[in-house]
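K.L.:
From just these sequences and the hints, can you work out the full model?
Spelled out from the first residue to the last, the chains are:
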Amino acid sequence: MLRYSAMRLLLFIPIIICVTFIIFALMDLAPGTIVDTMITEEMTEEDIEFLRSKYDLDKPMIVRYGKYLGNLLRGDLGSSQITGLTVWSQFSERWPNTMWLSLFSLMFGVALAIPAGILAAKYAGTIWDNITTAIAMLGLSMPNFWLGLMLLTVFSLKLKIFPAAYDGTWRSFVLPVVANGFAMIASITRQTRSSILDVSRQDYLRTARAKGVPERQVTTRHKLGNAWIPIITQIGMMLGVTLGGSAVIETVYSWPGVGYLMVEAISRRDTTMACGCVILTATAYSLVLLLVDLVYAAIDPRIRSAYARGKKRRVKA
Amino acid sequence: MSSKVKTQSMISSQYQRENQLLAVWKRLRTNPGAVVGLIILCALILIMVYSVLFISYEEITVINSKNRFAPPSAEYPFGTDEMGRDLMKRIFYGSRYSLAVAFGSVFIGMVVGIFFGSIAGFFGGWVDNLIMRIADIMSSIPGTLLGMVIVTILGANLINLLIAVGVASIAGFIRMARASVLTVKSNEYVESARAIGMSELRIIFTQVVPNSLSPLIVTATARMATSVLSAAGLSFLGFGITAPKPEWGALISGSRAFLNYAPHLCYFPGLFIMLMAFACALLGDGLRDALDPKLKK
Numbered sequence: 001m002l003r004y005s006a007m008r009l010l011l012f013i014p015i016i017i018c019v020t021f022i023i024f025a026l027m028d029l030a031p032g033t034i035v036d037t038m039i040t041e042e043m044t045e046e047d048i049e050f051l052r053s054k055y056d057l058d059k060p061m062i063v064r065y066g067k068y069l070g071n072l073l074r075g076d077l078g079s080s081q082i083t084g085l086t087v088w089s090q091f092s093e094r095w096p097n098t099m100w101l102s103l104f105s106l107m108f109g110v111a112l113a114i115p116a117g118i119l120a121a122k123y124a125g126t127i128w129d130n131i132t133t134a135i136a137m138l139g140l141s142m143p144n145f146w147l148g149l150m151l152l153t154v155f156s157l158k159l160k161i162f163p164a165a166y167d168g169t170w171r172s173f174v175l176p177v178v179a180n181g182f183a184m185i186a187s188i189t190r191q192t193r194s195s196i197l198d199v200s201r202q203d204y205l206r207t208a209r210a211k212g213v214p215e216r217q218v219t220t221r222h223k224l225g226n227a228w229i230p231i232i233t234q235i236g237m238m239l240g241v242t243l244g245g246s247a248v249i250e251t252v253y254s255w256p257g258v259g260y261l262m263v264e265a266i267s268r269r270d271t272t273m274a275c276g277c278v279i280l281t282a283t284a285y286s287l288v289l290l291l292v293d294l295v296y297a298a299i300d301p302r303i304r305s306a307y308a309r310g311k312k313r314r315v316k317a
Numbered sequence: 001m002s003s004k005v006k007t008q009s010m011i012s013s014q015y016q017r018e019n020q021l022l023a024v025w026k027r028l029r030t031n032p033g034a035v036v037g038l039i040i041l042c043a044l045i046l047i048m049v050y051s052v053l054f055i056s057y058e059e060i061t062v063i064n065s066k067n068r069f070a071p072p073s074a075e076y077p078f079g080t081d082e083m084g085r086d087l088m089k090r091i092f093y094g095s096r097y098s099l100a101v102a103f104g105s106v107f108i109g110m111v112v113g114i115f116f117g118s119i120a121g122f123f124g125g126w127v128d129n130l131i132m133r134i135a136d137i138m139s140s141i142p143g144t145l146l147g148m149v150i151v152t153i154l155g156a157n158l159i160n161l162l163i164a165v166g167v168a169s170i171a172g173f174i175r176m177a178r179a180s181v182l183t184v185k186s187n188e189y190v191e192s193a194r195a196i197g198m199s200e201l202r203i204i205f206t207q208v209v210p211n212s213l214s215p216l217i218v219t220a221t222a223r224m225a226t227s228v229l230s231a232a233g234l235s236f237l238g239f240g241i242t243a244p245k246p247e248w249g250a251l252i253s254g255s256r257a258f259l260n261y262a263p264h265l266c267y268f269p270g271l272f273i274m275l276m277a278f279a280c281a282l283l284g285d286g287l288r289d290a291l292d293p294k295l296k297k
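Residue numbers (the working numbering), protein chains in the order written: chain U, 1 to 317; chain R, 1 to 297.
Bear in mind the hints are in silico, worked out from the structure with no lab data behind them. C-beta atoms are modelled at their ideal positions from N, C-alpha and C, and glycine is treated no differently. Incorrect hints may appear among the rest.
[To be verified] Quick list of the computed label-pair ranges, beta carbon to beta carbon: (1) R:36 to U:39: 52 to 62 Å; (2) R:83 to U:82: 28 to 38 Å; (3) R:186 to U:300: 26 to 36 Å; (4) U:112 to R:197: 55 to 65 Å; (5) U:254 to R:244: 23 to 33 Å; (6) R:42 to U:11: 43 to 53 Å; (7) R:54 to U:294: 53 to 63 Å; (8) U:52 to R:39: 52 to 62 Å; (9) R:261 to U:112: 30 to 40 Å.
P.N.:
The structure is reproduced here in structure tokens:
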């Protein structure tokens, strides 16, 4: 188990190197450089040349990348080319905002979606199931930034119940969490419904009922116990998606998070900042996926025993 | 002689395929969700055709300062925007972008994904490993971010937005195509194609891919919904089709400054994005049931 986690983490190093190279190369190919955003009317040719050499822009991309990678391997993500603040300080300052937003959205989503999914599966084929499915479908189709703006219009501008932007209190979390969580509700509900329906056809449920297990316990223990795994995958994926795609909802609510930081960095051609944010976000994303894998093992004895027996027996994912 | 046999088998396989399509269509028709999705999608396509024929770009960009922020009325069903332009016409005009993104980006992702995914699944070994690790890397970069970077490099226009959204879907299609090729490739007809001397590449693209297509079609249709949403999101962030072009996401972005006194500028474009994604999602669900009757009990 420990060995498996260690392997997964080691495998992550080549991925990070490739990802940084891709982002670096792409940012280099983009028309315009960081210097172009600083040039003013009164600058002379020499000033511009000085700036170019300051950012190593007179050297080929591969040299800059080598330098960056060297620093990265020593754990130095560099500093923003615009503000001069270190990437780490900027990121770690904003990360909690993004993380709490994502976690709260997920909690909100899961709290509503799992009961809804269970009910939809229980009443499969009836009007309740159809209504739940239709709402879930609508939720999946609704652009989250639009929902965010709608909530903003109603609850913040008209009714003035919640603030329109981040102010550090719990009240400012409400609207973004709802806007972010709505799409999650939709997809987790659908996943819950379909995996419970899958499990319901299994024979061990009949066995459980035959030996007199009360229906409530059949649902919570036997059905849910086995339907968990695909649901957890879906939840893990949703967490990854919100962590990585937080830019949109953060823009709507002027949320001081990582997504907003990345949008700024990319549009201002701040390669170091953009790269750093990508690395850190991708790391967080992969850690979440690893965590999901470990949770599987914790809840599914079959998987746990496959790990315990060592590498040879491990089923390829 | 051999050519005659070939022609015959081609005719019969074509006949079978038509028969299959008809059966799928019959099943699809009985699914109310799929029918609703299809109707919405057709309506949106009709709106696009109407806008291409009757709404000129000048008409939707010309400034009419007398009519600013008119609320929805009989004359302007969706109201007018901050420059007095008819919002309904702008939204209708914008339908072309969303439809193009829905079909175009998924097409890009599907073609590239099927190509590499089927090669990976069919050959296995180091080819498989290489392609799948690349897919892993691609999927460890968040899609929104990759899209922003690609649009920044290539420039903000429709084609580049298509590419940006399409690239983000490639990894998914590679995995999907690989998985379905793996299940198909051990069938007897692949063996017999090899026996009559078909080249490996030809086997992949004439025997294996067509037979593993149905899960891919389902994914593609469902993916269209996601693509519409992420393209709108990118445009909303300013990395996509930008004002004055009336892309729906860009329209919502433009409405942010006037939410207080002209919320209708935000309502309508969002409703249309939602309709479009909803139609694709419904159709995807319906197709899944229609293509795989085993799933339905």
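K.L.:
Please list, smallest to largest, the hint numbers that this structure does not respect.
P.N.:
none
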